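Enquirer: For the record, the sequence lines run as chains A and B.
Here the first sequence stands for residues 7 to 352, where the numbers follow the numbering used here.
Here the second sequence stands for residues 187 to 575, where the numbers follow the numbering used here.
Simulated from the structure, these hints should not be mistaken for laboratory data.
Treat the hints with care, since some could be wrong.
Quick partial rundown of chain B residues pointing at chain A, CB under 10 Å, derived from the structure [to be verified]:
hint: 1; residue: V215
hint: 2; residue: Y294
hint: 3; residue: F327
hint: 4; residue: A502
Predicted model, so just to flag it, every value in this text is computed and none were measured.
The beta carbon of each residue, even a glycine, is placed where N, CA and C say it ideally should be.
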Amino acid sequence: MEVGRLPISASQRGKLISAGYTTLSSLSSLSPSDLALDLRISDNEAAEILKVASLGSRLDEPEGGRAIVNGAQTAWDMLHEDEMFPRITTSCLDLDNILGGGINCKEVTEIGGVPGMGKTQLGIQLAVNVQIPVDYGGLGAKAIYIDTEGSFMVERVLQIAEACIEDMTECNGLLRKDFQAGQLKMHPNNILENIFYFRVCSYTEQIALTNYLDKFISEHKDVKVVIVDSVTFHFRQDFDDMALRTRLLSGIALKLMKLAKEHGLAVVLLNQVTTKYIEGSFQLTLALGDSWSHSCTNRVILYWNGNERYAYIDKSPSLRSASAPYSVTSKGIRNSASTCKRIRMM
Amino acid sequence: MIMQDALSLTEFQLMELLDVGWAEVTSAVAHISAIVCPPYQSALSLMEQRVKNEHLAGHLPTGLKGLDEALCGGIPFGVLTELVGPAGIGKTQFCLKLSLLASLPSSYGGLDGHVIYIDVESKFSSRRLIEIGAKSFPEIFLMKGMAKKMSGRILVWRPASLSEFTERLQQIKVSLHQNEVKLLVIDSMAALVSGFSRFGSIFKEIKSTISLALPIVFPKSLPLPSIANFTDWAHSRECEQGIPRQHPLGWHVSFIKSLAEFSRIPIVVTNQVRSQSSDEACQFSFQVQRWKETKEDHARYGSHLVAALGVHWAHAVTIRLVLEAKSGQRFLKVSKSPISAPLAFPFDITASGMSLLSDDGIELTGPDINAIHSQGHSDIINFTGESLQ
C-alpha cells in the first residue's frame, strides 16, 4: 500500500486506510477540508498529510532534464572535488605517503592498535596539524576532540603544539629568507584554543553527541577534523544485547559518514584491539566486531614490527595495502629513526 | 521514557510508541541529544582550569624525582594509574608511600587529604606505613600526635566479596565529595577477579612470623617449597585459580574511571602477572599471512610474563607502570603513558619505601617496554627493609 510508505503517525495512517485512501493518487486531487471531513481530523492536520503525500508522489516521477536520482553526483565532479580538498598531514613522511598525502577530508578513517602504540598521540597530532596555516600547506582549521577514555592530557597537547610551531618557524627560516611579511604569529595557546574538547562518559552521551555534531559544526564552520578517542570504550562495557550494540554502532558510523561528506571534514575514529580465534590460533583484531569493520571507509592498524612502530593500511577503497614506519617522540608523531638516517644520507 | 531509550530506539519505533509523525520525532531526538550531550570547552580553558584549581596542575608527586619528571609532575588526577609486576616486587610498598604522601600537609608536598585504601589481599601493614613515614619525613612524624593524625587519614577497607566491593564503590562515590578524599588505592584489582586469595591471610601471618625470627611449623597437608620462593608459589596458586580470558570487570572499570573523572582524584590500581601461554594472541591476521616466523616468536615469548586481566584492561588504564626484575636489579618502567617517553628507572626498596637509583631513566625502544621480567629477584622483603636470601 503506497500510503503505508508515508512518514506519518500510525493513527493517521490507520484513519486514511480505514477511510479507503490506499494509494497516493487517490489523495492527489483532494482538498484539505474534504479530507478533514472524511477522516474527522482538523483542517491543518489534513493539509499536512496532503503535503507529505504530494512530496512522496513527486519523487517517483522523473524530472525532465534533471538528474535521474536526486542528490547524486557524477564521478567526474567527485574527482575534481577530491583534488580541491587538502589532506591533513600526520607529521611523518612515510605515513603521509601511504595515506596518499595525509588523512583525507570527507572520509571516515579508523585507526586501531594495541595499548601504548600511539593512537592518542596520533589523534592529538592531527588535532594540532589541522591548524597549520594555509601558507604552510595546512588547512588553517579547527578540531573537535571527543574523549571517551580520559586519555587527553593537556600537558602533552601543549608539548606537541610547541613542537609544531617550532617546526614551522624553522621552515620559515629555511625557505623564506625574506620573510618580513609572512612571519609566524602563532602561539601554542592559540592552538589549544582551537581544539574543542568534549568528554563523553556513557554510550548514551556518545550517541547524543553524534546527533548534536551536525548543529555544532553548522555553527562552527571552520572545524575540519573530528577525532573520537576511542569509539570503542563505552561499547565494550557490559553490553548484554549485542544486536542493539551493532545497530547503535552502525547508526553512529552512518551519521559520522554523512557529517564528513556534508561538511567536507575528516573523521578519525580510534579503536582498541581484542583477540579472535581464526584458523586454529588466537589473533589480534580490532574491537567492535565484524559488522563494524565494514562501517568505516578507511582502516589503519598500528603494530610493532621488531623494535619499530609501523602503520598498515588494512582497508581502503583508494589506497593500496602498505606499511610505513613512524615514531612517537617528545615532539609528537615523527619519521622513524631509520627514515631519518635515510634522509640524512640522501 | 528515559533518555537512554529515546536515543537507542530507531525513529520508526519512536513514531509507533509516541504516535507522532516523522518531523516531530526527528526534532524531539535532536532536542534530547542537545540536552544529553556533554558540554564542550577549548583545550586552553581546560589547561587554565587545571593550573588554577588543582595541586600542581593535577598531579600527586611521588617523591621519586625521575618518575615525577617523566609524568609531568606526578601521578595524574582523574585517571587510572596501574602498577603491575611479579609478586614481592614492591607494588604494595609503593602504594603505602603514596597513601602517606596524599595525607601529608601541603607544606610538605602532600594533598592534605584522606585516602581510601581498598586492601583486597590483606597486605596493608600499618606498622610498615609508620616506619616509612618516620624514615622519610622524620620532622613531621616525630612531632607529637602527627603520626596518629596522618595515619588516621588513611581508611583501610577489606572487601569480603566482589559484590560487597561493588556495593561499596557506589557508596564511595557519594562520600567522595564530603570526606575530602584525595586518593583511592585498590590493591589489587586482579585478586577481585580471581575470587579473593585464600592464601592472602596465611601469607601475611607467615611474613610477620618470619620477621620476628620465630621458627615456623608447617602443617603436613600443605605442600610447601622452600621459603625463598614462597611468594611466587602463593602467587601462582592464585593465578591458577583462573584469571579468565574474558574480562568480567567491565562495569567496574567503567565506574572507577568515571569516579576518577568526576572527583578529579588520582586512582592507583595494582595488578598481578601471569605467564604467557603458547597460544597467546600477539599478531594481527595480516602479519600472520605475511611472515611465517611463528616458531621463533613462540620461543621468545615462552619465558615472558604478561599482566593479568587481559588486553581490555590494558586499554582502560591511562598510565601503566611496570615493576620488574632483570638480572637481580629491579626496574620501574613507564610502559604506557600519554605524556612520557618509554623510560626505565632502576630502584630499590629501603626502610623509607621505594627509592630510584638513578633519576635519568634509560630510554627503551620497541615493545620491550611492555615486557615484564622476573629474573633473579629475591622475593621476600621483611619489615626492616632487608631482603631475605
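Enquirer: Once the shortest beta carbon distance from B:A502 to chain A is found, is it less than 10 Å?
Expert: holds, 7 Å
Enquirer: Close enough to count: is the Cβ of B:Y294 nearer than 10 Å to one in chain A?
Expert: Since chain A brings no Cβ nearer than about 24 Å to B:Y294, farther than 10 Å, the hint is violated.
Enquirer: Can B:V215 be said to touch chain A, with a Cβ gap under 10 Å?
Expert: Holds, because the Cβ-Cβ distance from B:V215 to chain A comes to roughly 6 Å (cut-off 10 Å).
Enquirer: Using the nearest Cβ pair, does B:F327 come within less than 10 Å of chain A?
Expert: violated, 33 Å
Hint check: violations occur at hints 2, 3; the rest are consistent with the structure.
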